[in-house]
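Starting from the known structure of chain A, fit chain B onto it as the hints suggest.
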Amino acid sequence: MSVMTQMDSAEAPVFYEVDEHPHPEGASTALGFWIYLMSDCLIFAILFACFGVLGGNYAAGPSPKDLFDLKDVATETGFLLLSSITCGFAMLAVAEGKAGKTQAWLVVTALFGLGFLGYELTEFAHLIHEGATPQRSAFLSSFFTLVGTHGLHVTFGIIWMATMMVQVARHGLIPANVRRLNCFSMFWHFLDVIWIGVFTFVYLMGMLR
Amino acid sequence: MSADTHASHGHDHHGHGDEHAHGSFRSYMTGFILSVILTAIPFYLVMNGTIENNTITSLVIMAFAAVQIIVHMVYFLHMSPRSEGGWTLMALLFTVIIVVITLSGSLWVMYHLNTNMMPAHSMSELP
Numbered sequence: 001m002s003v004m005t006q007m008d009s010a011e012a013p014v015f016y017e018v019d020e021h022p023h024p025e026g027a028s029t030a031l032g033f034w035i036y037l038m039s040d041c042l043i044f045a046i047l048f049a050c051f052g053v054l055g056g057n058y059a060a061g062p063s064p065k066d067l068f069d070l071k072d073v074a075t076e077t078g079f080l081l082l083s084s085i086t087c088g089f090a091m092l093a094v095a096e097g098k099a100g101k102t103q104a105w106l107v108v109t110a111l112f113g114l115g116f117l118g119y120e121l122t123e124f125a126h127l128i129h130e131g132a133t134p135q136r137s138a139f140l141s142s143f144f145t146l147v148g149t150h151g152l153h154v155t156f157g158i159i160w161m162a163t164m165m166v167q168v169a170r171h172g173l174i175p176a177n178v179r180r181l182n183c184f185s186m187f188w189h190f191l192d193v194i195w196i197g198v199f200t201f202v203y204l205m206g207m208l209r
Numbered sequence: 001m002s003a004d005t006h007a008s009h010g011h012d013h014h015g016h017g018d019e020h021a022h023g024s025f026r027s028y029m030t031g032f033i034l035s036v037i038l039t040a041i042p043f044y045l046v047m048n049g050t051i052e053n054n055t056i057t058s059l060v061i062m063a064f065a066a067v068q069i070i071v072h073m074v075y076f077l078h079m080s081p082r083s084e085g086g087w088t089l090m091a092l093l094f095t096v097i098i099v100v101i102t103l104s105g106s107l108w109v110m111y112h113l114n115t116n117m118m119p120a121h122s123m124s125e126l127p
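Here the protein sequences line up with chains A and B, keeping their order. Heads up: the first sequence begins at 1 in our numbering, then just goes up one per residue. Heads up: the second sequence begins at 1 in our numbering, then just goes up one per residue.
Bound conformation, chain A alone (with noise of 0.2 angstroms):
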């Protein structure tokens, strides 16, 4: 008996929490879904290292002060910009949970997207035409890996978009619609991160080289 109270009084119970308190529904996805997008920063960060190494290999072919037009490139470069902050506006509007206002804000970011890929891929095909095939050189090789991994990223967040636009037209903003614009959002801006990037070390610096 006395031993008993000295032990209470000695050390007060100590309760652990075994089980996990409940997570509302989504509650991990902002953060998953950043973890993936850092992910996705390794693969980019892995073809800014080749695209480093082997930029300056021509194999006797066209440079990059031959093949790009920098005016082309400041015109996609601002293209992308105007996408991101249209769609800073739609995640205004999601905020205010106005959906035709999103609606309209999706759109036209997707008009922009569109407008830089468009841009993307007559560069490449010009490239192409003049010879300036990814086979040319391992300049070539490494260009094309990067700026095409990048286009293709942009490729699949406008379908993305296309996809929120009719989620958003069949169910309005609910929560889960709500949850998949931010994630989407994150992507979008992360691409014009990466763009920066792809602009300044290709196009500007190969200028320069």
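Keep in mind that the hints are not guaranteed to be accurate.
Per the computed footprint, the stretches of chain B lying under chain A, defined by three or more beta-carbons under 8 angstroms from a beta-carbon of chain A, are [to be verified]:
| # | segment |
| --- | --- |
| 1 | 25-37 |
| 2 | 50-62 |
| 3 | 68-79 |
| 4 | 83-94 |
| 5 | 101-108 |
What follows is a list of derived Cβ distance ranges for each label pair [claimed, not checked]:
| # | chain 1 | residue 1 | chain 2 | residue 2 | range |
| --- | --- | --- | --- | --- | --- |
| 6 | B | Arg82 | A | Leu152 | 31 to 37 angstroms |
| 7 | B | Tyr44 | A | His21 | 53 to 59 angstroms |
| 8 | B | Thr115 | A | Gln103 | 40 to 46 angstroms |
| 9 | B | Tyr44 | A | Phe156 | 29 to 35 angstroms |
| 10 | B | Pro81 | A | Ala95 | 19 to 25 angstroms |
| 11 | B | Thr115 | A | Ala95 | 53 to 59 angstroms |
| 12 | A | Val18 | B | Tyr111 | 50 to 56 angstroms |
| 13 | A | His21 | B | Arg82 | 41 to 47 angstroms |
| 14 | B | Arg26 | A | Ala104 | 19 to 25 angstroms |
Hints are computed from structural coordinates only; laboratory data are not their basis. Ideal Cβ placement from N, Cα and C applies to all residues, glycine included.
What follows is chain B alone, placed relative to chain A:
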């Protein structure tokens, strides 16, 4: 860190929740104007060849790119030490460290390999 997030749970229900940092019209516009300026200057520098020395131009445009990436992270991706209880920032810092190691390591190693291997005739001159 997890202790922090869990401690904050008791007080407010937003600790973990679905909440997402929202920007305001003002913050989006600030980010947009800053990134337009930060994009226009490097393009101008390269297209007009304002700085004679290419190495200096490269360093300047890389600095602009770094600043613009931070602007995008803060104003568009709403990065802050508080979002998701600090985990997003931790993930970002970890990624940045890996990216820096990958990029600088690859460039460093391959540059030295190139300079050591370059002369095509060196192999034939070996005894």
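Each hint tested on the structure:
With 7 residues having a Cβ less than 8 angstroms from any Cβ of chain A, the segment 25-37 of chain B passes the three-residue criterion, so the hint holds. Note: the segment 50-62 of chain B has 5 residues with beta-carbon separation from chain A under 8 angstroms; the three-residue rule is met and the coverage holds. Interface restraint, the segment 68-79 of chain B with chain A: holds (6 residues with C-beta to C-beta distance below 8 angstroms; minimum three). Coverage of a stretch by a chain is defined here by at least three residues with a beta carbon nearer than 8 angstroms to that chain's beta carbons; for the segment 83-94 of chain B and chain A the count is 6, and the condition holds.
Under the rule that three or more residues need a Cβ within less than 8 angstroms of chain A, the assignment of the segment 101-108 of chain B holds, with 4 such residues. A beta carbon spacing of about 33 angstroms between Arg82(B) and Leu152(A) agrees with the range 31 to 37 angstroms that was offered as a hint. In this structure, Tyr44(B) and His21(A) meet the distance hint of 53 to 59 angstroms, their C-beta atoms being roughly 55 angstroms apart. A C-beta distance of roughly 56 angstroms is found between Thr115(B) and Gln103(A), which places it outside the suggested range of 40 to 46 angstroms.
The beta-carbon spacing between Tyr44(B) and Phe156(A), approximately 32 angstroms, falls within the hinted interval of 29 to 35 angstroms. About 22 angstroms separates the C-beta atoms of Pro81(B) and Ala95(A), a value consistent with the hinted range of 19 to 25 angstroms. Range check, Thr115(B) to Ala95(A): Cβ separation about 54 angstroms, and the 53 to 59 angstroms hint holds. For the pair Val18(A) and Tyr111(B), the supplied restraint of 50 to 56 angstroms holds, since their beta-carbon distance comes to about 54 angstroms.
Hint check: His21(A) to Arg82(B), Cβ distance near 21 angstroms, so the stated range 41 to 47 angstroms is violated. About 21 angstroms separates the C-beta atoms of Arg26(B) and Ala104(A), a value consistent with the hinted range of 19 to 25 angstroms.
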